[in-house]
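The listed protein sequences derive, respectively, from chains P and X. If you use the numbering used here, the first sequence corresponds to residues 1 to 487, in order. If you use the numbering used here, the second sequence corresponds to residues 1001 to 1480, in order.
Derived by calculation from the structure, the hints in this document are not laboratory data. Note that CB positions come from ideal geometry on N, CA and C, so glycine has one too.
Computed list of chain P residues with no C-beta within reach of chain X, every gap over 10 Å:
no.	residue
1	L14
2	G240
3	T251
4	Y265
5	P294
6	D333
7	N410
8	E473
Just some of the chain P residues that point at chain X, by a computed CB distance under 10 Å:
no.	residue
9	A105
10	G200
11	A203
12	L208
13	R234
14	S316
15	N318
16	L319
17	R321
18	Y327
19	L364
20	S365
21	G367
The calculated SDA-like cross-link candidates involving lysine to any residue, where the alpha carbons are at most 25 Å apart (straight line), are:
no.	chain 1	residue 1	chain 2	residue 2
22	P	K377	X	T1052
23	P	K233	X	T1052
24	P	K233	X	E1055
25	X	K1240	X	L1005
26	X	K1081	P	D370
27	P	K28	P	S70
28	X	K1099	P	G367
29	P	K375	X	E1077
30	X	K1188	X	L1066
These are the residues of each chain, in order.
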Amino acid sequence: MNNTNLTAYEARKLLKSKEVSSAELTTKALRQITENNEKLNFAISIELDYALKMAESFDKTACKGVELNSIQGLPIAVKDNICTVFSKTTCASRMLKGYVSPYNATVIDKLSDSIITAKLNMDEFAMGSTTETSYFGAVKNPHDIEKSPGGSSGGCAAAVAVTDALMTLGSDTGGSIRLPAAHCGVVGLKPTYGSVSRYGLIAFASSLDQIGPICKSVKDTAMLYDAICGHDKRDLTSIGREYPSALKCLTGNIRGLKIGVPDEYFTSDINEDVKTAIFKTLTTLEKLGAELIPISLKHAQYALSAYYIISSAEASSNLSRFDGVRYGYRRDDNSSIEELFVNSRTEGFGDEVKRRILLGTFVLSEGYYDKYYLKAKQTAQLIKSDFQNAFSAIDVIATPVSFNTAPKLNQKRSPVSVYSEDFCTVSANLCGIPAISVPCGFDKDSMPIGIQFMADSFREDLLLNTAYAVETELNLFQWARRESYVR
Amino acid sequence: MCDNLISNIGLEVHAELSTDTKIFCSCKNEFGASPNTNVCPICLGLHGALPTLNEKTLQYAIKMGLALNCSINSRSEMARKNYFYPDLPKGYQISQAEKPICENGYLEFLSEGKVKRVNIERIHIEEDAGKLIHSEGKEQSTYIDYNRCGVPLIEIVTRPDIESPRQAKDFLETIKSILSYLEICDCKMQEGSIRCDVNVSVHKDGEPLGTRVEMKNVNSFSGVFSAIEFEQHRQFEILKAGGTISQETRRWNDAQGRSEVLRTKENANDYRYFPEPDIPPILLNYDYLNSITIDKSALPNLKAINYYLNLGLSQTDAVFIASDNELKQFFDLCNGIKQDYSNTTAKWIMTDILKHLNKNRLALSQTELTPEYLIELISLIEEGTVSSTGARKIFEAIIANDSLSPHELAEKLGLIQISDNSFLENLADDVIEKNEKSVTDYKNGKDNALGFLIGQCMKKSKGRANPALISNILISKLNK
Ligand SMILES: [Zn+2]
Chain P
1 MNNTNLTAYE ARKLLKSKEV SSAELTTKAL RQITENNEKL NFAISIELDY ALKMAESFDK
61 TACKGVELNS IQGLPIAVKD NICTVFSKTT CASRMLKGYV SPYNATVIDK LSDSIITAKL
121 NMDEFAMGST TETSYFGAVK NPHDIEKSPG GSSGGCAAAV AVTDALMTLG SDTGGSIRLP
181 AAHCGVVGLK PTYGSVSRYG LIAFASSLDQ IGPICKSVKD TAMLYDAICG HDKRDLTSIG
241 REYPSALKCL TGNIRGLKIG VPDEYFTSDI NEDVKTAIFK TLTTLEKLGA ELIPISLKHA
301 QYALSAYYII SSAEASSNLS RFDGVRYGYR RDDNSSIEEL FVNSRTEGFG DEVKRRILLG
361 TFVLSEGYYD KYYLKAKQTA QLIKSDFQNA FSAIDVIATP VSFNTAPKLN QKRSPVSVYS
421 EDFCTVSANL CGIPAISVPC GFDKDSMPIG IQFMADSFRE DLLLNTAYAV ETELNLFQWA
481 RRESYVR
Chain X
1001 MCDNLISNIG LEVHAELSTD TKIFCSCKNE FGASPNTNVC PICLGLHGAL PTLNEKTLQY
1061 AIKMGLALNC SINSRSEMAR KNYFYPDLPK GYQISQAEKP ICENGYLEFL SEGKVKRVNI
1121 ERIHIEEDAG KLIHSEGKEQ STYIDYNRCG VPLIEIVTRP DIESPRQAKD FLETIKSILS
1181 YLEICDCKMQ EGSIRCDVNV SVHKDGEPLG TRVEMKNVNS FSGVFSAIEF EQHRQFEILK
1241 AGGTISQETR RWNDAQGRSE VLRTKENAND YRYFPEPDIP PILLNYDYLN SITIDKSALP
1301 NLKAINYYLN LGLSQTDAVF IASDNELKQF FDLCNGIKQD YSNTTAKWIM TDILKHLNKN
1361 RLALSQTELT PEYLIELISL IEEGTVSSTG ARKIFEAIIA NDSLSPHELA EKLGLIQISD
1421 NSFLENLADD VIEKNEKSVT DYKNGKDNAL GFLIGQCMKK SKGRANPALI SNILISKLNK
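Kindly produce the complete structure, drawing on both the sequences and the hints.
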């Protein structure tokens, strides 16, 4: 097997035609993960023995004539906030160092025929935009190890970029799939809220969290999305409906597609290279027959504040269970139960997590609930109706994923300045709509740039097809593939 | 009460619902299992696990709402109540806050000889917490049993309409009888099936409501009574001494019969309620709501009021019979046969029947006693056919599973009273003749002589003479 930078879709073809075995694919992926991890630190646990055993047993059953469909036998890696029984699930926190879940997340059960190779690094409890808040150290961007891969699913994006045929599952609460995908030059889809079960995803902000794929190509992304979407009766926010195959919708034909371009997302803050790449991409789409329509999303400027209030509020409550009583980090020499709570949480959580817990606790407190939490919820409602109105006239909305390319690691920045990285991505979470990030160019330092498309709920087909048109037409993937990573 | 001070008492009653499974997972809802055996990732609050909603919980809560005349909200919402405690594995309790499932009802019940009405603010559903078990002995350890985590509860919140400890206790007894009638709670007080928080405020007549003091952890109805009495007294004393009541939460200590401060207003818990994002709003459509019905006419509180006001039963008898499904049905059937006897029927139930059932640990249905038989038995007495002593013998024969009817038994056991005039006249003559001394005594004004003579008649007739008739005959003969 000499293919370099093989996509999962291509690997699946080879697997079907028996040109490669799952064990071969897995072995190669594990080798690349292990080697690259030393430089990039994208994995927390690598399950060499488990993955190989699974791959070999898959090959045995596959030989006996098991119909190969979707993503069986392909190597997968999973963000470390998705519960697995065969591997630790740490949420990149000291609090859960060494923790093994007694149950599998629904998405893990759905991938039972795929080969899970590793659990990937992330911002602690998915709180961050740079993957620097991990207890296990920052992840480095494969395009420039001085730079951040974006966050919080930075481990996923970095791993995908440097591993053959690998597909990963990340989670996105305010951009955590799309931002690292953009910064690492891969594809990331945040699905419609309710289309992928959250059962077994360690909650950050329950009303915003969604598991989604981060993959090398749009086809890989569609394949993995098809495998994980669907109703789950264990998750009351999961939506029961038909989930037609997204992969089958990838024609690349976007003739007549109405693309809304909102003013509010192209402010003076935007980096020139990013702006140029995005407008070039939009022009290309126009040439393919899409129609570009200027639109306005009036409340866009309030999305960031609403997002940080709502997500922190929910996080403060979701993380209350980590109290040192039953499992997780515990300080032992306490004189009272209150001290046990306080000491364990103070030492078990990192600064960013504590910052969000404090913020969330504050906005839910008596006297502030109406002023902050309720107002943020009302704001989210206004933003939602802006988008609903927009989708009555257009099919997809195009924006940057981020105003900048990957930032340097170890910068001393104020939290608010880091939070503002999420300006373009949080609205999709507040509205529950799907959004995708697909590579659309490079800046002057050869760092990847992503373009974001958003569509109405359950229109992943539109998003993926638009992204597919971008990917095919710009041919960036072929271009990127020739570059050697990890400089 | 004293110095025209008025108490306003509100109750928050928590009742564990007797569903088969817990509220948010499919673990068994059972009392007494070995610690931490009825648990799963959901009720243990493991991260990543998500709640589902047991529909039975809604059904039971709605039934209680109907019984308490509440409006049922077609849209209600679960909410998180955030606080840290070792028995609360998620660090929050899933409850309801702004939008409970039932609101604005009332309960009418008998108390202190009147029909009392207490307004119900709301009924909401929530999950129970685990249990802390403190080990005795040298090493003071605390163990946690999470079996109770996620057991469904309803919390019934009243307006502060209750005025006395007695009313509070009667209110709770009524709630218990309704829960039991609806078969939604097993009402085992010793297992903590019903628990109560009490609010007491005191104010002078004509002035606005006083400062509210809350008492937690009251686990028996008599505890509620004593806790309110204690708190009323404490507040009266403070006010009489010219002090002010401070808003605080107190813990009732049943063993010591007193309450102590748990936290003051400054340290009050801020529970930071917000809508539960893992459970979408609960929407109940018209058909669903219509499918849940209760037989309101058979509600124990309404039955008791009816027995008391319309049938003239005493409050105690009315409440007691109405609160027991089997006795209530039995009593109603008796009443259907002959309403004139309702008081006598009630007396029979409250005395002989209950004594027998309790002594032998039986249910009524396990005896041969039918409403028809009891009414027949009562009419035998009322019509003078048997004496009350005789009736008791017949009753004993019936419950000893003799299949004969009361009348047949009266004959078989020779208990039919003799009311035949000529027989009684002869009997009286005979006794008067043989007891000259007593006759003389009677004529000399010794009243107890008559009793002796009646006794002799009864003895001679082997107890079968109708005592009222023989007494009249004796008197008229002696007075001649
Ligand atoms: Zn359970």
